[in-house]
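Just so we're on the same page, this note's numbering is the position in the sequence shown counted from 1, plus 2.
Any given hint could be a false lead.
[To be verified] Pair ranges (Cβ atoms, derived): (1) ASP258 x VAL95: 25 to 31 Å; (2) PRO92 x GLU112: 15 to 21 Å; (3) ASN218 x GLU262: 24 to 30 Å; (4) GLY173 x PRO268: 26 to 32 Å; (5) LYS313 x ASN245: 46 to 52 Å; (6) GLY173 x ASP93: 22 to 28 Å; (7) LEU59 x GLN108: 18 to 24 Å; (8) PRO268 x ILE120: 32 to 38 Å; (9) PHE244 x LEU81: 50 to 56 Å.
[As the list claims (entries may be wrong)] No more than 25 Å apart at the CA atoms, straight line, and that leaves these computed lysine-lysine pairs for DSS-like: (10) LYS341 x LYS266; (11) LYS304 x LYS323; (12) LYS313 x LYS293; (13) LYS289 x LYS341.
By construction, these hints were calculated from the structure, which means they are not laboratory data.
Note that CB positions come from ideal geometry on N, CA and C, so glycine has one too.
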Amino acid sequence: MMRNRWIKQLIIFAAVVGLLVPALAQAADNVVMYPKISSFVLFLDQSGSMQKTYKPLGKSKIVVAKDILLRMNKEIPELNYMGSVQLFAPDEVLLDPTVYNRETFQSVLEKIPTKFPIFGRYTPMAPGMQKLDETIQRLSGDIAVIMLSDGEANRGGDPVAEATAMKEKYGNRLCFHVISLATKAEGEKVLQQIAQLNNCVYVTAADMQNPELLKNFVKDVFYAFKPVQREVIILRGINFDFNKYDIKPEAQAILDSGVEILKKHPDIKIVIEGHTDSIGSEAYNQKLSEKRAKAVYDYFVKKGISPDRMKTVGYGETRPKADNSTEEGRAINRRVEIKVVK
Numbered sequence: 003m004m005r006n007r008w009i010k011q012l013i014i015f016a017a018v019v020g021l022l023v024p025a026l027a028q029a030a031d032n033v034v035m036y037p038k039i040s041s042f043v044l045f046l047d048q049s050g051s052m053q054k055t056y057k058p059l060g061k062s063k064i065v066v067a068k069d070i071l072l073r074m075n076k077e078i079p080e081l082n083y084m085g086s087v088q089l090f091a092p093d094e095v096l097l098d099p100t101v102y103n104r105e106t107f108q109s110v111l112e113k114i115p116t117k118f119p120i121f122g123r124y125t126p127m128a129p130g131m132q133k134l135d136e137t138i139q140r141l142s143g144d145i146a147v148i149m150l151s152d153g154e155a156n157r158g159g160d161p162v163a164e165a166t167a168m169k170e171k172y173g174n175r176l177c178f179h180v181i182s183l184a185t186k187a188e189g190e191k192v193l194q195q196i197a198q199l200n201n202c203v204y205v206t207a208a209d210m211q212n213p214e215l216l217k218n219f220v221k222d223v224f225y226a227f228k229p230v231q232r233e234v235i236i237l238r239g240i241n242f243d244f245n246k247y248d249i250k251p252e253a254q255a256i257l258d259s260g261v262e263i264l265k266k267h268p269d270i271k272i273v274i275e276g277h278t279d280s281i282g283s284e285a286y287n288q289k290l291s292e293k294r295a296k297a298v299y300d301y302f303v304k305k306g307i308s309p310d311r312m313k314t315v316g317y318g319e320t321r322p323k324a325d326n327s328t329e330e331g332r333a334i335n336r337r338v339e340i341k342v343v344k
């Protein structure tokens, strides 16, 4: 899923409007990963049929499934999920619900057995889902069950009916995301019906051999991105007298609001841009704009903002905000703007 990266911007706009109180607003600047779910269960079929060959890859189904889980684990972000690992047919809880930690889960997943009998090891999927429900009851928030199975249920009732009952019990909080190792049409049908109960993700084990598709599966199930909201500070009342670059005492409180924002977000870096009106030569105004930017830079350094976070640039008279033919417009153009570059 493609996500747009939001452009960060922190602007100090200098205009003579007679206001000395800063106005704060919100603007999106970047994106941050956030969890789409609160909890998850890795739910793996270990019935006898999982010892059979998964024909698309020429390996046993259980070996393919274990490999997928280990590779998935490398992609799951540590976002304070509660996670569990559970096997069925026969039922076995390898890890009770715990805060997700990649190393812990890797250690548990590596213990999944890949050698067991084919014959006499039936596939009671429905009872396995009943055992799963005991784990689900202990989890809160939105819950993802990542089921890896071939769908070949031959004992213990209807797994689709059991999954439907769980859907009715937990509603939209619960989603069965299926990674299918089905090699028979009947098993494929069972797994598709389970995934479709809450419009959840259905993929095949063959799909998951593609690293990008595996990453997309993890993203679809576990996390998304949203724009970070940063404060944009619009400081009214910062102006420069004609042909001057010194900061007036009455402007210091307003600049302090900018300092507060920069200290609140220590990760950002800024460019301080100086501007002038059009009176005087272009060369002179260029130098004057640079001095105005440097004056704000020096003030921020004095207030504890690291020089490494700031650069200055002067634009002279080349970027007016208002009409230079009026005194009011020229006063607006004698300004400093600060823009975030990181």
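Taking only the CA atoms, is the gap from LYS341 to LYS266 under or equal to 25 Å?
-> 16 Å, holds
Consistency of beta-carbon spacing, PRO268 to GLY173, with hint 26 to 32 Å | 42 Å, violated
Is the hinted range of 46 to 52 Å satisfied by the C-beta distance from LYS313 to ASN245?
-> Given a distance of about 25 Å, which is not inside 46 to 52 Å, the answer is violated.
Does the Cβ pair ASP258, VAL95 satisfy 25 to 31 Å?
-> 57 Å, violated
Hint consistency between LYS313 and LYS293 [alpha-carbon to alpha-carbon, up to 25 Å] = 13 Å, holds
Taking only the CA atoms, is the gap from LYS289 to LYS341 under or equal to 25 Å?
-> Holds: LYS289 and LYS341 sit about 20 Å apart, inside 25 Å.
Indicate whether the distance between the beta carbons of PRO268 and ILE120 respects the range 32 to 38 Å.
-> 59 Å, violated
Just tell me: holds or violated, for the beta carbon distance of GLY173 and ASP93 against 22 to 28 Å?
-> 25 Å, holds
Consistency of beta-carbon spacing, LEU81 to PHE244, with hint 50 to 56 Å | Given about 55 Å between the Cβ atoms, the range holds.
Measuring from beta carbon to beta carbon, are PRO92 and GLU112 in 15 to 21 Å?
-> With a Cβ separation near 20 Å, PRO92 and GLU112 satisfy 15 to 21 Å, so the hint holds.
Given a hinted range of 18 to 24 Å, is it respected by the beta-carbon distance of LEU59 and GLN108?
-> Hint holds: Cβ distance 22 Å, inside 18 to 24 Å.
Within a Cα-Cα threshold of 25 Å, do LYS304 and LYS323 meet the stated pairing?
-> Distance of about 29 Å is beyond 25 Å: violated.
Figure legend: structure checked against the earlier numbered hints; hints not met, in rising order: 1, 3, 4, 5, 8 and 11.
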